[in-house]
Structures are given as C-alpha cells and as structure tokens.
Amino acid sequence: MSAKSNENLRGVVLRFSKNRFAVLGLILIILFCLVAVFASHIAPYSYEEQDLLNTLMPPSSEHWFGTDEFGRDIFSRIIYASRVSLKVGIIAVGIGMIVGGILGAVSGYYGGWLDNLIMRAMDILLSIPSILLAIAIAASLGPGVVNIMIAIGISSVPQYARIVRGSVLSIRSQQFVIAARAVGGRDFHIIFKHILPNCMAPIIVQATLGVAWAILNTAGLSFIGLGIQPPIPEWGAMLSSGRNYIRDFSYMTLFPGLAIMITILALNFVGDGLRDALDPKMKR
Amino acid sequence: MWKYVFRRLLYLIPTVIGVTFIVFLLLFITPGDPARMILGDQATEEAVADLREEMGLNDPFLAQYGRYLYNAVFHFDIGRSYVTHAPVTQEIKAAFPATLKLATLAVVLAVVLGIPVGIFSAIKQYSILDNLAMVFALVGISMPVFWLGLLLILLFSVHLGWLPASGFDSFKYMIMPAVTLCTASLAVISRMTRSSMLEVVRQDYIRTARAKGQKERVVVWHHALGNALIPIVTIIGIQFGSLLGGAVLTESIFSVPGVGRLMVEAIKMRDYPVVQGGVLYIAILCSLVNLLVDILYAYIDPRIKSQYS
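Residue numbers (our numbering), protein chains in the order written: chain S, 1 to 284; chain G, 285 to 593.
What the hints contain is simulated information worked out from the structure, not anything from laboratory work.
Heads up, the beta-carbon is just placed ideally off N, CA and C, and yes, glycines get one too.
What you were told as hints is all true, and nothing was included just to trick you.
According to the in silico footprint, chain S covers these stretches of chain G (three or more CB under 8 Å from chain S):
1) 306 to 318
2) 431 to 441
3) 517 to 530
4) 564 to 575
Chain S stretches covered by chain G per the calculated footprint, using a threshold of three residues with CB under 8 Å from any CB of chain G:
5) 136 to 146
6) 216 to 222
Computed Cβ-Cβ distance ranges for the label pairs, DEER-style:
7) Tyr295(G) <-> Met200(S): 30 to 36 Å
8) Gly142(S) <-> Leu353(G): 24 to 30 Å
9) Gly451(G) <-> Cys33(S): 38 to 44 Å
10) Cys33(S) <-> Thr368(G): 43 to 49 Å
11) His369(G) <-> Ser61(S): 52 to 58 Å
12) Cys33(S) <-> Lys456(G): 42 to 48 Å
13) Val392(G) <-> Leu9(S): 44 to 50 Å
14) Phe188(S) <-> Gly324(G): 51 to 57 Å
15) Val367(G) <-> Phe192(S): 45 to 51 Å
16) Gln229(S) <-> Leu439(G): 28 to 34 Å
Using the sequences plus the hints, can you model the full thing?
In structure tokens:
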C-alpha cells in the first residue's frame with residue numbers, strides 16, 4: 001500500500017470517527033456480531049426447549065423477555081435469531097454483490113451490445129419492486145434459509161450492477177487503465193486488479209445498506225410465512241406468531257421488533273457515516 | 285412533447301414483456317405439477333395426464349411461454365387460480381382498487397408531510413429541529429413496516445380503542461394502514477428533499493433572489509424548490525414502487541382486501557398463478573408510474589422538454 005492510500009485511509013477513518021452516530025452504529029454492529037457468534041454461550045436457554053407449564057409468561061427475572069406460546073424463552077430465541085439474520089445478511093449481499101458486480105463490470109468495461117443487453121435485463125428486474133421480486137422468487141423456490149438467501153441476493157443484483165457499471169464507466173478511460181492495457185494486460189486482470197479496487201467506495205456503502213435491507217426483507221418474508229421455518233428462531237417469524245397474542249401478551253411482538261429495528265438502525269448509521277467519510281463532497 | 289410520451293410508451297413494451305418472462309420462468313421452476321394442483325389429490329393419474337396434455341404442460345419451455353404471452357396480451361388471460369379456479373385477472377381486478385387506494389393515500393401523505401419537513405430541515409440546517417427530524421427519518425427507514433403496524437394496532441386499537449384493527453370499509457379503516465405504509469417513504473422523501481434543497485440554496489441565483497428583496501417564502505418555495513424538485517420527484521417515483529411492495533405486508537397485517545393480501549393468502553395455499561399474477565400487475569403499475577415521472581420531468585424542467593420538441 002502506498003503512502004498516499006495510507007493517508008486516504010487515515011482521512012476516511014478520521015472523518016468516520018468524528019460522526020457520533022456512525023461510531024454508535026459500528027459499536028452496535030460489533031455487539032450484534034458477537035451475540036450471533038457466541039449465541040450458545042449468551043442465551044440462558046435453548047431456542048427450541050419447550051416448557052409447557054410456563055407458556056406465555058410475562059417478562060421476569062427468570063425469563064427477561066417472557067416466554068412464548070410453547071414456553072420457550074423469548075430472550076434466548078432473539079439471541080439465536082441474530083445468527084440467521086447475520087448469515088442471511090452477509091450471504092445474500094455477497095450473492096448480489098458478486099453477480100451484480102461481475103455483470104456491472106462487464107457491462108461498463110466492454111460497452112456496446114453486451115452493455116445494452118445486460119442493462120436492459122437489469123431495468124426489467126428493477127421494474128419489479130425488490131421486496132416483491134424476493135417474494136416471487138422465494139414463493140417459487142419454497143421456504144428455507146438457503147432459498148431466502150438466493151431470493152434476496154438475486155433481487156438485489158440490479159442495484160449492484162448499476163453502481164459498479166457507473167463506477168467502471170468513470171474509471172475506464174483514465175490513464176492508469178489505458179497504461180495497463182498498453183503494456184498488454186488482459187481484460188480480466190485489468191477489471192479485477194485495476195478497475196474494481198478503485199471503485200470500492202460506493203460498493204462498500206451499498207453493501208452496508210444492503211445488509212440492512214436483506215435483514216429487513218428476511219424478516220418480512222418470514223412474517224408472511226415464506227422465510228425461515230420453525231423451530232429455527234427468526235425475528236420476523238417471531239413477530240408473526242406474536243401478533244396472534246397481541247391483545248394480551250404484547251411483549252411477544254415488542255422485543256423481536258425492537259431487535260430488528262436496532263440492528264437496521266445501526267447498519268443505516270454506519271452506511272450513512274461511511275458514505276460521508278468516503279466521499280466528503282457528498283456530505284449529507 | 286407527445287413524441288416524447290409516445291417514445292416512452294414504446295419503451296414500456298419490452299419491459300412488460302421482460303416481466304412476463306420472469307413471472308413465467310418463476311412459475312415454470314416452481315416445484316409441483318399444475319395439473320395435479322388443479323385436480324387435487326383424489327384425481328387419477330390418467331386424468332392428470334390428460335389435463336397436462338390439454339394445458340400444453342408437456343410442450344417445451346419457449347412454446348409454453350409463447351402461449352402464455354399470447355394469452356396475456358390478447359385475452360388478458362394469465363391462468364386460473366388453483367384454489368378458486370377463477371381467472372387470475374378477475375381475482376386481481378377485484379382486489380386492485382383497495383391496494384391502489386391505500387398506496388395512493390400513503391404516497392400523498394408521504395409527499396405532503398415529507399417535502400415541508402425536508403425544506404424546513406434544509407433552511408434550518410443543524411438546528412435542533414433539523415437533527416430531530418433527521419433522526420426520526422432514520423428511525424422511520426429502519427422500522428420494519430410490519431412491526432410499526434403491530435405497534436399502531438397495539439396503541440390505537442387495543443389500548444385506546446380509537447381505530448379498527450382490520451378491514452377497509454371507510455376512511456377510519458384506512459388511517460392506520462396508510463400511516464404504517466407511508467412512514468418509510470416519508471422518511472426517504474424528507475431526507476431527499478433536505479439534501480436536494482441544501483445543494484440549491486447555496487447557488488448564486490438564490491442569493492440574487494434574496495438580494496433583490498424577494499420574500500423568503502417565495503425564495504424557498506419558488507426559486508429553490510423549483511430547482512430542487514427533479515431528484516425529489518425521482519425518489520417519489522421510486523418510493524411508489526416500494527410502497528406497492530410494502531403494501532403486501534401492510535395489507536396482510538390490517539386485513540385490507542387488496543392484491544397484497546390476496547398474494548399472501550395465495551402463498552399459504554400454494555396458489556402460484558395468483559402470486560405471480562400479482563407480481564405481474566404490480567410491476568406493470570410501477571412501470572406506468574415511472575412513465576408518469578418521466579413525463580413530469582418535462583413539465584418541471586423546460587430544458588428536458590426542449591430536448592424532445
């Protein structure tokens with residue numbers, strides 16, 4: 001890494017750390033990841049252990065967030081559910097980023113009919129609201145963690161393709177790319193070694209916000225019965241079963257929703273902070 | 285101008301055909317035999333085989349897609365429900381008004397509240413109210429629509445008893461679904477308005493307008509907003525799309541008899557033609573809204589109009 005990029009990085013870190021909300025968000029996300037990784041150590045109970053003598057218990061010192069209709073500890077289930085959200089968030093964004101990134105890079109680098117073909121296909125996908133596209137794909141593939149990742153990943157492909165294409169277009173004709181081509185660099189090498197590393201900023205921002213979007217939509221799909229299936233705990237699915245008891249046992253809907261909101265809020269804080277830090281011109 | 289509208293209309297055709305292709309592809313890869321779904325578990329293998337032949341389910345993929353597209357375009361026929369056996373188009377038509385009403389109300393609310401909040405935040409940048417509004421906006425974006433709906437039900441139906449929790453009979457029934465649905469868009473629109481206004485208010489012509497003694501109200505609402513409007517209208521168009529997506533969840537919470545609830549019920553019954561039909565109709569509606577937004581551009585910005593006249 002050259003001295004200049006070191007300096008750039010220091011500038012980004014400095015600007016990011018001055019943004020209080022962004023730092024708060026980052027701390028929350030690190031906590032969220034730790035909770036997901038060490039769920040089995042943190043959760044006081046197992047996520048599927050039923051206690052039919054203690055169903056629908058309000059929050060107490062034994063069960064911090066109460067118990068659900070099967071007597072399962074809601075606090076433990078929320079802790080375990082962070083695993084599913086983290087997994088789906090990362091893998092779905094990974095799918096979208098890799099597929100969309102390759103399509104966008106090819107589209108922007110080669111241009112011409114290939115560009116036209118890919119971008120028209122992306123336009124068509126974009127004409128379907130993304131949550132609806134995810135619903136449509138998930139309905140066809142059937143429920144399950146892997147299918148949800150695929151559905152949400154595919155429905156986010158067009159956004160990444162567009163961003164990467166735009167960045168590639170703006171970099172394609174710069175001197176270092178022309179130089180790389182002049183010394184006989186192959187296209188693959190030029191795209192991955194010279195172009196993509198130089199358009200990471202918008203991709204990183206989009207990916208951060210994309211994880212938030214993926215977690216939110218996973219919860220949404222599970223809420224309407226398309227996502228994660230029981231007994232695996234998932235925040236949206238927990239809300240969905242809690243709504244049947246909303247009249248008398250409202251804590252069942254309160255805590256899972258709070259968990260989703262805090263996670264999404266933290267990711268949005270970080271995404272916004274990163275955007276401002278990476279591109280000072282775009283500040284707010 | 286009409287040339288422009290016409291060209292944009294032509295551009296709509298490949299998009300809609302593309303969406304029918306995606307919808308058909310998704311139906312095609314869905315596991316399970318449609319003929320078996322229609323006839324039920326009791327039907328004999330022979331009857332199922334006969335129906336498969338009759339429906340052309342043994343034909344190659346492209347032949348089946350060609351027939352689907354032909355029927356969709358010339359007969360408005362996109363198949364029948366596995367459950368009610370009624371044409372999908374008919375079911376969606378019955379449910380469409382509720383969705384359209386809900387989405388329109390939500391978008392109007394989001395615009396009527398979001399733009400003034402954004403403007404206010406921009407002209408009072410970094411004030412307490414600005415910070416407060418933007419934190420609220422971020423919370424609004426981060427709030428799962430289905431959770432917000434449940435919280436509203438908890439507060440206004442269960443505790444206060446002011447508003448009905450389900451149904452869609454009169455305006456009273458529409459308040460909570462519309463507020464639930466509009467919140468995220470309201471947040472996005474106010475954020476966009478703020479940043480777009482911030483770019484504009486620093487321009488020279490705003491200073492000029494102020495310098496010549498123009499009233500602040502006119503400067504803000506006429507000179508500044510007029511020039512900040514293009515990105516705002518763009519985001520409103522995009523928001524309408526995600527509102528229609530969010531309507532699926534909102535309708536299912538409040539039992540609004542719209543396309544979204546129809547789709548969610550269909551998902552539970554594995555009634556795939558209805559699910560994909562709903563996707564098709566909403567995607568077409570979104571394309572039409574995008575068209576409308578593009579036409580609006582030309583009205584807002586004479587420079588765009590002059591490119592086409």
